[in-house]
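Enquirer: Sequence:
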Amino acid sequence: MQVFNISRLTTEKGIFRIAGSSAVNMPNGAVQPTIHITSLEIMSTDGWQALDISADSLQPLLNELTSPVIEHLKIES
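Its first residue numbered 702, the sequence shown is counted upward by one per residue in my numbering.
Since the hints were made in silico from the structure, they are not lab data.
Virtual Cβ for every residue (Gly too), placed ideally from N, Cα, C.
Treat the hints loosely; a few may be bogus.
[Claimed, not checked] With a straight-line Cα cutoff of 20 Å, these simulated SDA-like cross-link-like pairs (lysine to any residue) come out:
| # | residue 1 | residue 2 |
| --- | --- | --- |
| 1 | K714 | S758 |
| 2 | K775 | V704 |
| 3 | K714 | S745 |
| 4 | K775 | L763 |
| 5 | K714 | H773 |
| 6 | K775 | Q750 |
| 7 | K714 | E772 |
| 8 | K714 | T767 |
| 9 | K714 | E765 |
| 10 | K714 | S755 |
| 11 | K775 | S745 |
[Unchecked claim] DEER-style ranges, computed between Cβ atoms:
| # | residue 1 | residue 2 | range |
| --- | --- | --- | --- |
| 12 | K714 | K775 | 18 to 24 Å |
| 13 | A724 | S745 | 15 to 21 Å |
| 14 | S708 | T767 | 14 to 20 Å |
| 15 | D747 | M702 | 18 to 24 Å |
| 16 | A724 | G748 | 28 to 34 Å |
| 17 | D747 | T711 | 25 to 31 Å |
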């Protein structure tokens, strides 16, 4: 696993600060790498607001952020 920290990622859902890890060697020849987000913050009008990534209501957002995170890591690497 490779650890990553994205200080600012602008998406259609908002501006995020994200920490996590990604699979360096993808199992079973998977086309898309596995991303595990360990910390997620969103830019609000009052600054960065931490989001509870364990909340079930946040799972759709985490799924939507997978592709932008992968694209960002491809550009950065």
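Enquirer: Would you mind marking each hint as holding or not holding in the structure?
Expert: Each hint, compared with the structure:
A hinted pair counts as satisfied when its Cα atoms are at most 20 Å apart, and K714 with S758 qualifies at roughly 15 Å. For a cut-off of 20 Å, the pair hint linking K775 to V704 stands: about 14 Å separates their Cα positions. Proximity of K714 to S745 is assessed by CA-CA distance (about 12 Å); at most 20 Å being required, the pair is judged to hold. At roughly 18 Å between alpha-carbon atoms, K775 and L763 fall within 20 Å of each other, so this suggested pair holds.
A hinted pair counts as satisfied when its Cα atoms are at most 20 Å apart, and K714 with H773 qualifies at roughly 15 Å. For a cut-off of 20 Å, the pair hint linking K775 to Q750 is broken: about 26 Å separates their Cα positions. Of the supplied pair hints, the one linking K714 and E772 holds, its CA atoms being roughly 16 Å apart against a limit of 20 Å. Restraint check: the Cα-Cα separation between K714 and T767 comes to about 12 Å, which is no more than 20 Å; the hinted pair holds.
Annotation: proposed proximity of K714 to E765 holds, straight-line Cα distance about 9 Å (limit 20 Å). Restraint check for K714 and S755: the C-alpha separation of about 19 Å stays at or below 20 Å, so the hint holds. In summary, the hint linking K775 to S745 is not supported, as the alpha carbons are separated by about 27 Å, beyond the 20 Å threshold. Remark: the range hint 18 to 24 Å for K714 to K775 is upheld by a beta-carbon distance near 20 Å.
Take A724 and S745: their Cβ atoms lie about 31 Å apart, and the range 15 to 21 Å is violated. Between S708 and T767 the C-beta distance comes to about 18 Å, which sits within the given range of 14 to 20 Å. About 33 Å separates the C-beta atoms of D747 and M702, a value inconsistent with the hinted range of 18 to 24 Å. For the pair A724 and G748, the beta carbons lie near 32 Å from each other, so the given range of 28 to 34 Å is met.
Hint check: D747 to T711, Cβ distance near 18 Å, so the stated range 25 to 31 Å is violated.
Violated hints for the displayed structure, listed by number in ascending order: 6, 11, 13, 15, 17.
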